[in-house]
Amino acid sequence: MYRPLKCLLSFLAFLLAFNAFSQSSYKLSGKVLADDFSPLYNASVYISGFSIGTSTDSLGQFQLGLSAGINEVSFSYLGYRSVALKLFLSHDTIIEVQMKTDFQLGEVIIADSKKLKAAEHDATGVITLRKENFISLPALMGENDPIRAVQMQPGIQSGNEGSRGIFVRGGSPDQNQILIDGAPVYNPSHLYGFLSVFNADAIDKIDVYKDNYPAQFGGRLGSVMDIGADAGNNNHIKGSFSLGILTSRIHIEGPLDKNHSTTFSLSLRACYAGLFTSPISKIQYKKAGYNGDVAYYFGDVNAKLAHHFGANDEVDFTYFSNNDLYSFTKKSDTYQPGTQVSSEYIEKVNWANYVASFGWNHRFNDKWKTHNSVSYSQYIINSQLSNHYQENSSYYYQSLYDSKTTSYIRDVSYKNDTKFETGKMQTIRLGAGVTGLIFETGKGAETTINSYYGNSAASFKSGLINSISAFVYAGDEVKPSDKWLINGGVYGKSYTVQGKTFLSLLPRLNVVYSPVKNFSLRTSASGLSQDLHLLTTSTVNSNILNDYWVPATAVAKPETGWNFSGGMIQKLPLNFEWSVDGFYRLMNNLIDYKEGANYSSLNLPWYDQIVTGGKGRAYGLETYVARNYGRVTGSIAYTLAWSERQFTDLNSGNYFPYKYDRRHNIATQLNFIINKHFEIGASWVYGSGNRMTLPLQSYNTWVAAYYHDYNVQNGSKQPENGEQVTVYTGKNEYRLPAYHHLDISMTYKKKVKKLEHQFNLSIYNVYNHYNIFEVYSDYRIAADGSRVIVYKQLSLFPILPSISYGIKFGA
Amino acid sequence: MKKILLVILLFGLTICGCEKDFSVSQQTSAKKMVINSLFNNGGPVVVYLTDSYLASTQGNINSINDARMELYEDNVLKEVMKYTPSDSVNTFGAYKSILFPKAGKNYSIKVTEPVYGVSTASDAVPLPASITTQQLVQYGDSATHSNDVIVDLGIKDDGSTENYYRINVWIGGQQWFLNGTDTVTQPYFEARGPQMLTTVVDTVRDGLFLLFSDKNFNGQTKDLKMKFDKLDPHSFTSLSIFVDFYTASKSDYEYQQTLSTYRSTSSSANSEPVHVFSNVQNGYGIFAAEQYQGVVFNIK
Numbered sequence: 082m083y084r085p086l087k088c089l090l091s092f093l094a095f096l097l098a099f100n101a102f103s104q105s106s107y108k109l110s111g112k113v114l115a116d117d118f119s120p121l122y123n124a125s126v127y128i129s130g131f132s133i134g135t136s137t138d139s140l141g142q143f144q145l146g147l148s149a150g151i152n153e154v155s156f157s158y159l160g161y162r163s164v165a166l167k168l169f170l171s172h173d174t175i176i177e178v179q180m181k182t183d184f185q186l187g188e189v190i191i192a193d194s195k196k197l198k199a200a201e202h203d204a205t206g207v208i209t210l211r212k213e214n215f216i217s218l219p220a221l222m223g224e225n226d227p228i229r230a231v232q233m234q235p236g237i238q239s240g241n242e243g244s245r246g247i248f249v250r251g252g253s254p255d256q257n258q259i260l261i262d263g264a265p266v267y268n269p270s271h272l273y274g275f276l277s278v279f280n281a282d283a284i285d286k287i288d289v290y291k292d293n294y295p296a297q298f299g300g301r302l303g304s305v306m307d308i309g310a311d312a313g314n315n316n317h318i319k320g321s322f323s324l325g326i327l328t329s330r331i332h333i334e335g336p337l338d339k340n341h342s343t344t345f346s347l348s349l350r351a352c353y354a355g356l357f358t359s360p361i362s363k364i365q366y367k368k369a370g371y372n373g374d375v376a377y378y379f380g381d382v383n384a385k386l387a388h389h390f391g392a393n394d395e396v397d398f399t400y401f402s403n404n405d406l407y408s409f410t411k412k413s414d415t416y417q418p419g420t421q422v423s424s425e426y427i428e429k430v431n432w433a434n435y436v437a438s439f440g441w442n443h444r445f446n447d448k449w450k451t452h453n454s455v456s457y458s459q460y461i462i463n464s465q466l467s468n469h470y471q472e473n474s475s476y477y478y479q480s481l482y483d484s485k486t487t488s489y490i491r492d493v494s495y496k497n498d499t500k501f502e503t504g505k506m507q508t509i510r511l512g513a514g515v516t517g518l519i520f521e522t523g524k525g526a527e528t529t530i531n532s533y534y535g536n537s538a539a540s541f542k543s544g545l546i547n548s549i550s551a552f553v554y555a556g557d558e559v560k561p562s563d564k565w566l567i568n569g570g571v572y573g574k575s576y577t578v579q580g581k582t583f584l585s586l587l588p589r590l591n592v593v594y595s596p597v598k599n600f601s602l603r604t605s606a607s608g609l610s611q612d613l614h615l616l617t618t619s620t621v622n623s624n625i626l627n628d629y630w631v632p633a634t635a636v637a638k639p640e641t642g643w644n645f646s647g648g649m650i651q652k653l654p655l656n657f658e659w660s661v662d663g664f665y666r667l668m669n670n671l672i673d674y675k676e677g678a679n680y681s682s683l684n685l686p687w688y689d690q691i692v693t694g695g696k697g698r699a700y701g702l703e704t705y706v707a708r709n710y711g712r713v714t715g716s717i718a719y720t721l722a723w724s725e726r727q728f729t730d731l732n733s734g735n736y737f738p739y740k741y742d743r744r745h746n747i748a749t750q751l752n753f754i755i756n757k758h759f760e761i762g763a764s765w766v767y768g769s770g771n772r773m774t775l776p777l778q779s780y781n782t783w784v785a786a787y788y789h790d791y792n793v794q795n796g797s798k799q800p801e802n803g804e805q806v807t808v809y810t811g812k813n814e815y816r817l818p819a820y821h822h823l824d825i826s827m828t829y830k831k832k833v834k835k836l837e838h839q840f841n842l843s844i845y846n847v848y849n850h851y852n853i854f855e856v857y858s859d860y861r862i863a864a865d866g867s868r869v870i871v872y873k874q875l876s877l878f879p880i881l882p883s884i885s886y887g888i889k890f891g892a
Numbered sequence: 002m003k004k005i006l007l008v009i010l011l012f013g014l015t016i017c018g019c020e021k022d023f024s025v026s027q028q029t030s031a032k033k034m035v036i037n038s039l040f041n042n043g044g045p046v047v048v049y050l051t052d053s054y055l056a057s058t059q060g061n062i063n064s065i066n067d068a069r070m071e072l073y074e075d076n077v078l079k080e081v082m083k084y085t086p087s088d089s090v091n092t093f094g095a096y097k098s099i100l101f102p103k104a105g106k107n108y109s110i111k112v113t114e115p116v117y118g119v120s121t122a123s124d125a126v127p128l129p130a131s132i133t134t135q136q137l138v139q140y141g142d143s144a145t146h147s148n149d150v151i152v153d154l155g156i157k158d159d160g161s162t163e164n165y166y167r168i169n170v171w172i173g174g175q176q177w178f179l180n181g182t183d184t185v186t187q188p189y190f191e192a193r194g195p196q197m198l199t200t201v202v203d204t205v206r207d208g209l210f211l212l213f214s215d216k217n218f219n220g221q222t223k224d225l226k227m228k229f230d231k232l233d234p235h236s237f238t239s240l241s242i243f244v245d246f247y248t249a250s251k252s253d254y255e256y257q258q259t260l261s262t263y264r265s266t267s268s269s270a271n272s273e274p275v276h277v278f279s280n281v282q283n284g285y286g287i288f289a290a291e292q293y294q295g296v297v298f299n300i301k
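Protein chains in written order, with this note's numbering: chain A, 82 to 892; chain C, 2 to 301.
One or more hints might be untrue.
[Unchecked claim] Partial list, derived from the structure: chain A residues whose beta carbon lies under 7 Å from chain C: (1) Ser402; (2) Leu406; (3) Tyr680; (4) Leu777.
By construction, these hints were calculated from the structure, which means they are not laboratory data. All C-beta atoms in this analysis are idealised placements derived from N, C-alpha and C, irrespective of residue type, glycine included.
Using the sequences and the accompanying hints, generate a full structural model.
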């Protein structure tokens, strides 16, 4: 299977290299700050002449769609003097509004969005990425993937080449909660990590929480990626269209009515790589002496509809889905005198996310707002395998094996989130919700027809596991003085599964102290729990494709943990900033495969192959330096970390490194706007290699001695060595080679009349380093004819240039 | 034309890349001595001494014959064990003691070899279990036409320690059959895995033995009922069931348990690695003790 997968990915890489695009938008976004530059939460932003407005988030950020030309925008916040601005907009604009308490006029900075390239890090530890951050990174084969932008932040890393998950501070991918408009997304990637499922056209922004867990978030041990889908502008219909050899995208957005109170956004993306990989692979396989092909297709839909009922009510509906299909076929027929042999191998895998959410925002008054949402999320994977062999000679022999399997997760949730401003320095947040989870970890059927062993048919089922969890939370953000910000809260949850209920009460505390202007110290402690587990294998044939999600059960209890974090952030002159953070995370009730477990076993359920009650700890230090505004922008993030696990029945009960234990992780990026036409960018990432368990030595047991003796006594010249035992390293003791690559991009833009032409050249993995996607064992024949085991690495992406050409209109 | 050339260039780059496989630098590890010895009170201590080889190669058994092997009983040197290269049973080569191990005693070996240095291992011979009952429960059932034999072995477990037991069963006797019109008898001998009618836990069943712990009857008297099927009463002129009843040390149990898991899973590349238990310092293998008790059920 590996060879076809490898070639398929290469075809995708090749075909993606040519991709044309075009896009346009008119947005006003920015921040509302207090006089000490701290963000103002829930500040009101109104557009005069329209009955619409918005309020700032916890980072003081907002975003609105505006008409071209003059717009009157008002900003207000209790205890501060209102600010009214007249803005003439001809393109996307970012502003910072500093409000004053002493009746001085606010200070407004009009920023050029084209000069903002780095992610925003606020004093509380929240990282915000916007569309411009996604597209400023060098493209991977023509695609600007939002997840790659997230992986450039400190403490966040990819698992490996082509990894589908993100790994935050020594945690596993399941410990990260990925939400799109509040609905969970269980599988964030296409083709196991080739691309993320998130289409940059459809994403407005991503907030990443890894230091500070506000009370409204629960359910995972690691981090929260809160993704906001683009609701579209309320000015006029506009969109973009791209047509590529491999993928095509269409995006359209705008108002639906004359009052501009209803807006929509629709993004479609399709990958039809199979149209190319199928015929090309057929030719390749034909040369190899058999018939076959490999094909891959996927499609994405992102849609959002929003409607304002006056200034106090807004509803929105979000739909997101992706559907992937991978197939591999190999057939051969051989004829020799008196013998005819035919074989056929067919593998088809289909996986999909279906996510829908409905939200209602209601503003009772300036101090009291509430948000209600219901969501449905399903992740499903179906696989089908046929392996047929028939031999017709002096006898007839056939072996026909067919199997079908299905597994899925279904999640239905309701949530209420209510905010009260009890004073100018305090905001209380209350909420409650309920989630029903249906988890099918694997069911299916297999049939075997064998001339020697007879026929058999069996169905297997790991078991449908239903669970329900209910939660309440309360948070209080207090600002007792200009120097202090305290956010405390508690998240209470009950999780019921298989007749057993687990209760947890999880305190949260985040304290920010700013002794001087532009400098903050921060510390936080968070109690966390999650109702999912991820099983990872440590075998030689180890790759991320084999990681397996399962629910918490009465035996595999919900994971619990604590996250402690502390550090500082300082804004420096010339738009520089730097931060240093330390973290320590404790994890309990972890699960892992027990020794001898076989993840590919169809008839042995996962819960019979695990050890439970594991502990984990992750700790480290991360630093970040960035210049986030100007012609030259960039960032350097370095993380030094340890991540370990401990189980009574594994590794003699001693702590062992986690599979994704990365001692060093570096992510750098640089962007330089040379002039109004040219812009260049570069990024370099480095990570210590992943961990695995490697065979070291072999020996023969006492049983071997008896076999040996027996054979010698019976005159055998080549006595068998009998039973061999392999000695392995300690669990995950071996570290694979480091992962690193340098990417560069060059962009040329030229505006002709109303159209902006854009030409981009990106090169991924400039120095052609072969990063490990997978390690597998193989054999080679030694000079004496004996078989010798060798271990090999499979690499996916060599140096990959990509070229794109686009037209932007309406800017 | 330029575009076509560019396409060819990019195609070449990507295909070139996908064909690249590289050897992972396998961690080099030193060869070590391998000690293999499962001993009991029923015979001398026999130690097979070999060396290990790189896991990625298909190594041959290489017997080590130049080592000095000291055998200690309760930390007192009792004997320097001799290498027996031409032993009619052990052509493989082994070090054999004169001493027979005793119940409750701790035995250790110290192996000194010019190349590999010093390896040590030790284990204690468990005390024997007290056998309280030994009876035939059933042999055949005319009502159900059953050919089953059910026997009961009662033992009193020592509650002061954690105990492990291993059972091997042999069935022997004289079986008769018709050769034309003549009735002929011939010896019958068969190794059987016992089918336990009594619940035992922490079981390891590998081949023809059953290993279990005293976890569910610690310190109690336990009737171990075992069933053996397909023993037609009319087919035998004589029939006995020989039960080799071992009290195993914890090292022995862990070794057998992990080795059994290893045997059943190591053939699949998708299986998690199994670390076979070893109590050898600076080496590999096992040096573990058992207490042997033979029990015979004369059925017919």
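Hint by hint, here is what the structure shows:
The restraint placing serine 402 of chain A at the interface with chain C is violated, with a minimum CB-CB distance near 30 Å, outside the 7 Å limit. For leucine 406 of chain A, the interface hint is violated, since its Cβ never comes within 7 Å of a Cβ in chain C; the closest pair sits about 21 Å apart. Among the interface hints, the one on tyrosine 680 of chain A holds; its C-beta lies about 6 Å from the nearest C-beta in chain C, closer than the 7 Å criterion. Because the closest C-beta pair between leucine 777 of chain A and chain C is about 4 Å apart, less than 7 Å, the hint holds.
Hints 1, 2 from the list above are not met by this structure, while the remaining hints are.
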